[in-house]
Structure formats: structure tokens, C-alpha cells
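Following the hints, position chains B, C and D against chain A.
Chains as they are written, first to last, in the working numbering: chain A, -19 to 168; chain B, -19 to 168; chain C, -19 to 168; chain D, -19 to 168.
Calculated directly from the structure, the hints in this document are not laboratory data. Just so it is clear, CB atoms sit at the ideal spot from N, CA and C, and this is done for glycine as well. Each hint should be verified, as a subset may be incorrect.
Claimed, not checked - One-sided excerpt, in silico: chain A residues whose CB lies under 7 Å from chain B:
hint : residue
1    : F39
2    : R74
3    : F75
4    : Q103
5    : M111
6    : C115
7    : D117
8    : G137
9    : S138
10   : V141
11   : Q144
12   : C145
As the list claims (entries may be wrong) - The calculated DSS-like cross-link candidates involving lysine-lysine, where the alpha carbons are at most 30 Å apart (straight line), are:
hint : chain 1 : residue 1 : chain 2 : residue 2
13   : B       : K(-2)     : B       : K37
14   : B       : K80       : C       : K80
15   : B       : K80       : A       : K80
16   : D       : K80       : B       : K37
17   : C       : K37       : C       : K(-2)
18   : A       : K80       : D       : K(-18)
19   : C       : K66       : B       : K44
Listed below are the residues making up each chain.
Number of protein chains: 4
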Amino acid sequence: MKPAIVIVDMLKDAFKGKDPSAIEEYGKIVPRIRDLLGRARMLNIPIIFACDSFLEKDFIFKGKRSYSVRGTEGAEVIDEFQPIRKDEILLKRRFSAFFKTDLDQTLRLFGVDTVVITGINTQVCVYATAMDSVCHDFYTIVLEDCTASRNREVHQGSIGVLRQCGLSPLLRVMSSEEFLEEAAHQTA
Amino acid sequence: MKPAIVIVDMLKDAFKGKDPSAIEEYGKIVPRIRDLLGRARMLNIPIIFACDSFLEKDFIFKGKRSYSVRGTEGAEVIDEFQPIRKDEILLKRRFSAFFKTDLDQTLRLFGVDTVVITGINTQVCVYATAMDSVCHDFYTIVLEDCTASRNREVHQGSIGVLRQCGLSPLLRVMSSEEFLEEAAHQTA
Amino acid sequence: MKPAIVIVDMLKDAFKGKDPSAIEEYGKIVPRIRDLLGRARMLNIPIIFACDSFLEKDFIFKGKRSYSVRGTEGAEVIDEFQPIRKDEILLKRRFSAFFKTDLDQTLRLFGVDTVVITGINTQVCVYATAMDSVCHDFYTIVLEDCTASRNREVHQGSIGVLRQCGLSPLLRVMSSEEFLEEAAHQTA
Amino acid sequence: MKPAIVIVDMLKDAFKGKDPSAIEEYGKIVPRIRDLLGRARMLNIPIIFACDSFLEKDFIFKGKRSYSVRGTEGAEVIDEFQPIRKDEILLKRRFSAFFKTDLDQTLRLFGVDTVVITGINTQVCVYATAMDSVCHDFYTIVLEDCTASRNREVHQGSIGVLRQCGLSPLLRVMSSEEFLEEAAHQTA
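Looking at chain A on its own, in the form it has when it is part of the complex (with noise of 0.2 Å):
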């Protein structure tokens, strides 16, 4: 297994919400996912920070406020993760982290065969890099812990969903934990 890990919008705008329960659910996972990161590093592997990077009047902001705009400080990643010098910052324009972007040519240059992805939310834009991911032909693991949706509700069905998907091994749902130890076994 020669891993990278993407996290998913996990940015500044995402915790300045009017919807305080979004914001806890989103909050659940930054000490995982900063967990995650600290042991990843240690593994030597890749990370790459997918971020949201719209334009004002995007379409997908029809009868919405817009959020995550590029170039604003809102679209940059948490101050929790300080991305450093390695990892990638890759900008998107829409949800999945390889729609109209360089990521599986990055991906296989750094010779990555397992994409594993963390962030938010799950039902949309992980739930649409994860698909992405496999047909880019990566085997592909969502972590179930580091993922979350703006309802809890949700993430469980998007997760129960995607645990039942069939495309098995291809793409597979763990926890954290369970995908650090595989990737340090099969790293050792």
C-alpha cells in the first residue's frame, strides 16, 4: 500500500456557520483528523489539503450565500492543521477533489495507489472524491471517524452507504485506526 491522504474542506468559513450543530459535528473530527496527520508524517505519507475555492457568483451558490471564495481568508484550511512546505494545498472549483484538477496526475507522480480521505461533508464532496478516486483507479478508503456532515444523520446514512456500496475492496470504509495500522504493516 503506497498511501495519500486528502482532506476535504476543512476550512476556516466551514466553522463560521450560523448552525451551531453543524459546527460541532464538524468539530468532532479536527482532533482526529490533526491526530491522523501527526502519525501519517511520521509514515512519510503524502497529504493534500483539497480545498474549496469558488468564484463569487458560482452556480452552485444560485439563491445561496457564497462561502469558501477564492483568494478570501475563509478559504484557507484551519489554523488547527498548519499545513507545512510538503504537503500539496490543492484548489477546486467544485466537489470532488479531481473534478477539473491536476490531483491523479499528482497522485500517480508521487506513486500513490490507495487514496484515503477524511473531511467534509461526506455525503457530497467526500462522497464524490471517493468515487472520483476509483474511477481515477485508485483503491480508495473513507475514515468514518474523520469525516463528518453538517447533520449526523446524514453522515451515517452517506457511510452506511458506502459501506454496502459493493465496490469493495476497491473502496472500503475504516477508522483511523484501523487504516494506520494497515498502512504501518504494510510500510514496515
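Positioned in the frame of chain A, the structure of chains B, C and D alone reads:
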């Protein structure tokens, strides 16, 4: 509303599997989609058959028997739908009908603003097509009574997640009846 | 070297135009490509026919008569080449054989590292395919005696520019004889 | 006409090479592009800086010293052009400004129908961007006095081929003066 209907993977091989309950689930939506196509043609709604068209050794078949292989009979649209000359037959290599295809360009050429998704499986190809459709700036409708999964529970789970995914009104779940009514009103 | 040969737009409609000098230019490369294909098949080199497959009202026909329209006889590979079952027929919507197609994925699946380009027109579809091929991380060879333009001067101008473009050794211009010699040596 | 101007690879590293004649060629177009940008801003024409942003070990550096590496000063737009906040800075991984980027979506969002290309090198990144621009259904103009190659002969060869490539009126070669006149008339 200027809709197009995308029928995902309603191919002969889907009905040749060894799992009778999957075939039963898929079978339920055949007459509903056929009815939808008949009424859509009367409204001059463009129809696109998005069809898996894999290569024998594709990554997604790791550890699995291949199916819907390019050039084989199993990769053809089922006889019940009888595509007509005006319909588009779109060969796709992976899950989403937009992945490495020209579907976005075709839809823009046709002046389409709304993509209506039917077919199988709800949790993979339908879901991935729905996400990509929004990402390509199309209003997107998933028809719950014209989509199916190998397993009823997974279908319902996926529909439940899509319904609550937070992308409305860009992405909506509807019945075919509701869609046809809306389409008839808006093109009248 | 693990090459694949891409034959660009050698389609029936190209030989039905009203410009006799274009047809003469295109005609010159037919026996050369046929010879190349015969020898390439003996070396088990994969062969991909990349074929224009336009829609009637496509943007690129603004103010022009359409040609190579999807589903018409004119969009078929010329009879002289007789594609065999192992060959790939790749329908493309625009100039480059990689544009909104799955060619990159197919080439990686085949383990190809070098794309060898033949066909018409040198300054548009051949040139665009060559650029995209390098961009997708393939060594790229344009065969000067197996490519042609409507007009000899434009062909020679394009080949001259490609020869001096500064991308060697990633992109090289060769004769088919030189390529076959190199391929025979390296696969021997 | 609703144009946007794309400035390709006018980056600091281009002016740090060891080939004085290349730097001279590139230098000639700097004041012309600066003048164009000033006048374009008065006409409210959107401006996109498309900038090489490579990874250190990218395929295209096989056997070559790397340059324009992501995150380095050499990959920044030259000081003479001083991008303003309204301008788009588009990081690209390969030649064409459309390759694995969201440029097509940005241009459609802006309502652009005509892409005007300037920058370096005419035979590679400018040429590939021009081809892709037509393929994405934009009228395309290459400004011959605002594009350059390492070598004057290659620039002129490329411009000659583009002029005769047969894609007019979708793809045209013009001077910046001719373009500005046409733009002023059509937006008047």
C-alpha cells in the same frame, strides 16, 4: 426548464447476473423508465443512454468477473428501451456519465439546463452522475422511482442521503410523475 | 519503449471533399500507414483509431458544412485500414484524441509509455494530440511521412515547428522507418 | 464579442534562463502586453494569467533542469504586469491553460465567447491553449505581436501555421491593435 433525461447503465449484462433479487430490483424500474421515455419524447426532451463500456482488464474489475465490456452484447441497452436515432448513446468508462466523456458539451449544445437521472445503481453510477451534473452547472433531478440498486435498502439509503444532502434546489429528488408535471408546465 | 500507434481522423469523409489537392495529400500517407500497421501488429503494438465524431450543430461547424458526423458512414475509418477486433476505435468530439475521452486511461491500462501519432491534419488534430500526449506524461513521436495536411506547405511548416519546438526527447519527429527500427531494437 | 485575455507563462523564471536571445525575444512582448492590459482593463475585459506551476519531478522535466516550480518565486507573474485583484491567476500543470484546470468553467461564468491569447512559447503553450480554446467552443484569437518563442524563427513558423490552419473564423491570428479596434467596435 430545458431538461434532458440520462438513463444510466440499463444494459443487458445487468439482467444476466446471478443475484435474483438484484434482477428483481432492476426489473421494477424498466416499465417506469419506458413510460417516462415515451412521455418525454412527446415533450421533445433529449434522451441520453449512458452506458458502461469497460475494457476487459480495467482496474474496477480487480478480483471480479468483468461485465459490460466494450463491443459485447452485454454492454448494449436493454431491448425494452429501443433507443431511436435521435437519442444519444454515450459510452462511459467509469461511474459518472460525465467522467472522461463529452456529455457536458453535448448538454450545452442542446441548450439543456436540467439533467434528470434514471437507472442503476443508485449509490454508485447514479450518485456520481448526479454530483458531476451539479458540478458542471446543471440543475439535477434524481427520479427515485426510476432508479434502483442491487438491494432495496441501499437504494433507499442513497435516496435518503440525496434528499437531505443540502444541495436543493440545485439537486432534487422527485418521482417521475412530479418531474413530468413540472416539465409540462414549464415548457407549455 | 512500449509504444501505441494512434491514427488520427483517417475517415471516409476526408476523402470525399471537393479539394483534389487535399485528397492527394491525404492519399499519399494511406499506403505508408497501412504498411506501418502491418508491421506494428507483428510487434504486438496496440493500435488506436481516433476518429472525429461530431454532432451536426457543433460549434466547430459555425459557417461550414458539417462532416464526420457521429453515426454516419463518413465518420468511419477508411476501408484500406480494416481495423481488427483488437484495435481500439476511439470516438473523439474535437481535435485532440485526449480531449474529453478515456484515451489516457486506456494507454496506462495497456502499459504504454510512448504514443506514436499518424494521420491528418498535421497542424490541428495531430498537433493537438501530440501536445496532449506529452501533457499526459507519454513520450510522443510524430511520424512525418505518415501525417499530412490539406496543403503540403502547412504540413511541412507544422513538422518544422514540432521538430524545433524544444520538447525533445519527450516529443520527437521521425520517419516510420526510424520508429520501427527503434521499436524493434527496444522490444527485441 | 465578449473577450477575455489569457497571458500564458509570462513568469519570472522565463527571464532567468541562460539563453540571452530567448530573453530578448520574450522581452520584446512585455511592453506590448502591458499596453494591451491597460487598454483591456478600460474596456472591462477579464484578464487571466495562466501560469506554469510544476512539481519538481514532473515528467516534462525528464533530463532537464526544472523551472516554474509551484510555490517558488520563479513561478510568479513578472513584476511588469502587476496583476490586480480582479484578475484571475490560474495555475496550470502543463502546456494548455485548459489542461486539468477550471478555465472553461470560469470563462463561461464570465459570459466570455472569445479567448485572446498572448505570452510564451508560441509553438507549445500558446498553440496548445489556442487548440483547446476552440475545442471548448470559444472563438479564439492569437495575437502575433504579443506572443513569442525562444527563437524568432520558431515563433514565425508557428504563427504562419496558425494563420493557414483552416480554422478561421473560429481561430484567427491578429495584431493587438486589430483586436482592440474590433473589441472597441463590438462593445461600443
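Item to check | In rising order, the numbers of the hints this structure does not comply with | outcome: none
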